[in-house]
Amino acid sequence: MGERLQRLLDGAEKEAEVKVADAEKSAEEMVAKAKTDSERRRSMAQRGYGIDELLKEAEEDAKKEAKKLIKDFTKKAETVKEVSEDKMEEAVALVLGEVIPS
Amino acid sequence: MSSKSLDLETQLIERIIKQRNDRIAKAEENANKIIKSAEEEVERIKKESEAQILSLVGSDLRAVRDRIVGSAELEGRKMMMLSRQELLSQVFDESKKRLAEVAEGKDKVIDYKEVLVKLILETASGIGGEEFIISANKRDLAYLKKNLKSIQKQVSDVVGSGEIKFDAEPIDVMGGIVMRNSDGSKTFHNTLEGRLVNVRGRLQADVGKILEVI
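Here the protein sequences come in this chain order: A and B. Going by the numbering used here, the first residue of the first sequence is number 1, and it counts up by one from there. Going by the numbering used here, the first residue of the second sequence is number 103, and it counts up by one from there.
Don't read these hints as lab results, they were simulated from the structure. One should not assume that every hint holds.
Derived DSS-like pairs (lysine-lysine); straight-line CA-CA distance at most 30 Å [said to hold, decoys possible]: (1) B/K210 - B/K220; (2) A/K19 - B/K240; (3) B/K148 - A/K81; (4) B/K149 - B/K135; (5) A/K14 - B/K135; (6) B/K240 - B/K220.
To give an idea of the interface, some chain A residues facing chain B are shown, with a C-beta separation under 8 Å as derived from the structure [claimed, not checked]: (7) R7; (8) L9; (9) A16; (10) A34; (11) K35; (12) S38; (13) E53; (14) E59; (15) A66; (16) L69; (17) K76; (18) K87; (19) L96.
So the derived list for chain B, only partly shown, Cβ under 7 Å to chain A, looks like this [said to hold, decoys possible]: (20) I137; (21) S161; (22) L163; (23) E224; (24) R297.
C-beta: ideal position from N, C-alpha, C; glycine also.
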């Protein structure tokens, strides 16, 4: 009985060690892969390669910004044309006053 | 086996199983921590790498943005400029319409005949000399010919002397005159259209201020 229970505990200890060891191995692989990938991308970027995605992203962002700009300008351009009759009349009076000799 | 020793054995088994489960759980917890820590490290490496790449290709990215956003800004400013121009044109178109009404004698306040004489006096003063040849539209020529003596006197009062003659052919203008001296060395365009064009050049900014578009 005591021997079987001890084996159970020994098995658990072994299983626990394997779990941690597997995790450590995975972690090392993840970090190593990230380092390799980063180094490769950085090296490619240095030579001007592999930046298409970044450029595409920058282009998309810029397009969004441009769209908003045009929308704002369109609104402002329409607002500019909304002039009261009094202002128009004042402007016309100024022009006539200059054209017609006093 | 007595009931008491059976209970003890059961308790022992349960304790051992608990110990086993605790050990496994603890190992799983450690394993998760290790993986989580690795994921964080991966994220940090990626971010650092992205930052390095951005600094390497920053000028390329800025160029992309400048090209697209700059073009939109230009387009937007052009839209604004066109709107302002449209508004200014409205003012000058309306002014031209009113001037036509004045020249046709339809304005209740402004006497175009007086305006015409003033334009002649102003032009004669500018040209100087003793003889002036006037071109005008058919309607104004008729009026001027009919009132030649009076107008000639007014010109003489202003420039000292002044003989006025008229071109035989009327010109196609809204109103006002074109005057030249006898030898044709000096010509002064003082039509309403011409004055309006001059005023437009001079007063765009003032009109823009009134309309609050500048």
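Structure-based check of all given hints:
With a CA separation close to 18 Å, the supplied pair B/K210 and B/K220 stays within the 30 Å bound. The hinted pair formed by A/K19 and B/K240 fails the criterion: a straight-line CA distance of about 109 Å is larger than 30 Å. This hinted pair does not check out: B/K148 and A/K81 have alpha carbons roughly 51 Å apart, beyond 30 Å. Distance hint between B/K149 and B/K135 is fulfilled; the C-alpha atoms sit about 21 Å from each other, no more than 30 Å.
For the hint linking A/K14 to B/K135, the alpha-carbon distance of about 19 Å falls within 30 Å, and the restraint holds. Restraint check for B/K240 and B/K220: the C-alpha separation of about 18 Å stays at or below 30 Å, so the hint holds. The beta carbon of A/R7 is not positioned within 8 Å of any beta carbon in chain B (closest approach about 10 Å), and the interface hint is therefore violated. Residue-level restraint check for A/L9 holds (minimum Cβ-Cβ distance to chain B is 6 Å; threshold 8 Å).
Among the interface hints, the one on A/A16 holds; its C-beta lies about 3 Å from the nearest C-beta in chain B, closer than the 8 Å criterion. With 8 Å as the threshold, the beta carbon of A/A34 comes within range of chain B, its nearest partner Cβ sitting at about 4 Å, so the hint holds. Of the supplied interface hints, the one on A/K35 holds, with its beta-carbon coming within about 6 Å of a beta-carbon of chain B, less than 8 Å. For A/S38, the interface hint holds, since its Cβ comes within 8 Å of a Cβ in chain B; the closest pair sits about 3 Å apart.
Against a cut-off of 8 Å between C-beta atoms, the interface hint on A/E53 is violated, since the closest Cβ of chain B lies about 10 Å away. Evaluation of the A/E59 hint against chain B yields a held restraint, the C-beta minimum of about 5 Å falling below 8 Å. The interface hint given for A/A66 is met, as the beta carbon of that residue sits about 3 Å from the closest beta carbon of chain B, less than 8 Å. Given hint, A/L69 at the interface with chain B, holds; its Cβ is 4 Å from that chain's nearest Cβ, closer than 8 Å.
For A/K76, the interface hint holds, the least distance from its beta-carbon to any beta-carbon of chain B being 6 Å, beneath 8 Å. Hint on A/K87 holds. Least Cβ distance to chain B is approximately 6 Å, under the 8 Å limit. Annotation: interface hint on A/L96 holds; nearest CB of chain B at approximately 6 Å, less than 8 Å. Using the Cβ-Cβ criterion of 7 Å, the hint placing B/I137 at the interface with chain A is satisfied: the shortest such distance is roughly 5 Å.
Annotation: interface hint on B/S161 violated; nearest CB of chain A at approximately 11 Å, more than 7 Å. The interface hint given for B/L163 is met, as the beta carbon of that residue sits about 4 Å from the closest beta carbon of chain A, less than 7 Å. The restraint placing B/E224 at the interface with chain A holds, with a minimum CB-CB distance near 6 Å, inside the 7 Å limit. A cut of 7 Å between beta carbons decides the hint on B/R297: the least distance to chain A is about 5 Å, and the hint holds.
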